[in-house]
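One-letter residues, chain by chain:
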Amino acid sequence: MPKSLMKGNEALAKGAILGGCTHFFGYPITPQNEIPEFLARELPKTGGIFLQAESEIAAINMVYGAAAAGGRPMTSSSSPGIALMQEGISLLAAAELPSVIVNVQRGGPGIGTIQPSQCDYFQMTRGGGNGDYSIIALAPSTAQESAEMMIDAFELAQRYRTPVFIVSDGMLGQMMEPVTMPSKVPQQSVKKDWAAVGHDNRRPPITIKTLALDPCDLEQINLRLQEKFMRIRESESRYETYRISEAELIFCGYGSVGRILKNSVDQLRHEGVRVGLLRVKTLWPFPVEAFNVLPPRCRHILSTEMNCGQMIDDVRLAVNGKIQVTHYGRPGGIIPTPEELADHAKNILAGGCQ
Amino acid sequence: MNLIYTKSKGLTDRETHYCPGCSHGIIHKLVAETLVELDILGSTIGCAAVGCSILCYNYFKVDMVECAHGRAPAVATGIKRTQPDKVVFTYQGDGDLASIGTGEIVHAAHRSEKITTIFVNNAIFGMTGGQMAPTTLPGQVATTAPQGRDTSHTGMPIRISEMLAQIPGATYVARVSVHDPKAIVQAKKAIVKGFKYQLENRGFSLIEVLSSCPTGWGLSPVDAMTWLEENMIPYYPLGTFRSQEETRDV
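Protein sequence lines, in the order shown, are assigned to chains P and Z.
Residue 269 in the working numbering sits at position 254 of the first sequence; the count goes up by one each step and never skips.
Residue 252 in the working numbering sits at position 93 of the second sequence; the count goes up by one each step and never skips.
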């Protein structure tokens, strides 16, 4: 397989085509513009449709329509744009429509900055839209993983009939790296007998809907959705451990920070400090099981993010009081350095800055 | 005995939830008859919009997708771009289309999406209980305009058909009414034409249908039809605002 140099955003776009994306609907926003630009150029070559929408709200509703009619649609945006899409994302989850939504995060709150951030962890994992629902959230940390997770996202969306998030950030999106890409990914043909494609006078009409005025009906719908989310929890959580053997402190991070932390771990291990890394690859479902296999020596988990402390809630729930957990983060678009993170860890192990 | 009138085969046998005297029933019938006459019942995908007609998928015998408030034209865009050989229509009220959904309808028309929009204008928010809509007439009483619509405070009613007729991509735009049998015949013709435009791949078509809301207006069904004729039509003139046969300046 040939290696090519590309931006993380381009790797996502290329991955989408390999994943069988048929439609892209989106609205420009920095720092994700390479995705629509790549797909405007490349998607029509594969028979797909690229359409620039008038707003993020329209884009997500076009995704909804395309998925309802049996397509494999996607959209991409960045933090404030995703905020605008939340109503449609709730609908996609409720109507069980397979779709992929990319969030190349930027600093917030508000319009914020176009610099990289991870301040949307809550937005990605807590359901920014209304109602009880969960969305698979894949968090790549390299351009290579961006492409792979994108292919995976389309597969998961079809398998579970659900929207899937790709959680990237401005640093991953803009950074160029070598990527090895398969020339073709075999796709299982999925029978979509639920799609609204016209009944052809051969079957009763199908309605794709989320309104359920009778509370008894809606309760049953909710319980059925929760069963699906439980199946996803049981089989789709993913993580990576890095040099955790004998570690006294374990960093926990994802995305851009997940890769920066590898440098911090290498540096500290070189100095003889016993630290390791647990890199979360699925923000939802959160890999709770990873925290059961940490080395017995581990006495501190440092939840590290480019935000003011959001994933720490999930880490604490997973650890359930057994190990001390603290947060270290830089909000607002600041990328922490490996040295800064290493110093903070050393300080904790020396008994300071708890 | 000759059977001279039957319910359209394009409608299910379900009893509708609409209020007595509401003209959604007439408009449903016209749309269903059109789909049957054009033999497109099996190849049509409808978009139901939030408002009284959200449940119209219970009545139309076609595949349907329920849409968030105002977003039906965007959803229809996604459907049509996925199933370009199928017929796609939206059925939207004035609260939906003329208020929260102005962005989506303008841009669907602008892109000349090959869809047909049935725009039911009854000058009020019906489903939520008679609140003022952008289409509510000056002085008309609504639950959120208890003294009558004060145009110095809320502006003049929006004329959607005239507005959309300015857009090059809007290939057929007409306003009709269903207040009497003659108007209903004209309305049917316009709806058929709108769907034909789509079948001929010409571009975006919209038929605005002036409709009554006896409950929201606080009138009897008969008085509501009279009120529509005497008050709505002068402000919302009937006619074709754009078509490829006879484009008229507005």
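Incorrect hints may have been included.
Taking lysine-lysine pairs in the DSS-like style, the calculated list, with each CA pair at most 30 angstroms apart, reads [to be verified]:
#, chain 1, residue 1, chain 2, residue 2
1, Z, K352, Z, K168
2, Z, K341, Z, K168
3, P, K224, Z, K347
4, P, K224, Z, K188
5, P, K224, Z, K355
6, Z, K188, Z, K355
7, P, K207, Z, K168
8, P, K224, Z, K166
9, Z, K341, P, K224
10, Z, K188, Z, K347
11, P, K207, P, K60
12, P, K277, Z, K188
What the hints contain is simulated information worked out from the structure, not anything from laboratory work.
Do the hints match the structure? See the list:
no. : hint               : result
1   : Z:K352 with Z:K168 : holds, 20 angstroms
2   : Z:K341 with Z:K168 : holds, 23 angstroms
3   : P:K224 with Z:K347 : holds, 28 angstroms
4   : P:K224 with Z:K188 : holds, 22 angstroms
5   : P:K224 with Z:K355 : holds, 27 angstroms
6   : Z:K188 with Z:K355 : holds, 17 angstroms
7   : P:K207 with Z:K168 : holds, 27 angstroms
8   : P:K224 with Z:K166 : holds, 26 angstroms
9   : Z:K341 with P:K224 : violated, 36 angstroms
10  : Z:K188 with Z:K347 : holds, 9 angstroms
11  : P:K207 with P:K60  : holds, 25 angstroms
12  : P:K277 with Z:K188 : violated, 66 angstroms
In this structure, the hints that do not hold are numbers 9 and 12, in rising order.
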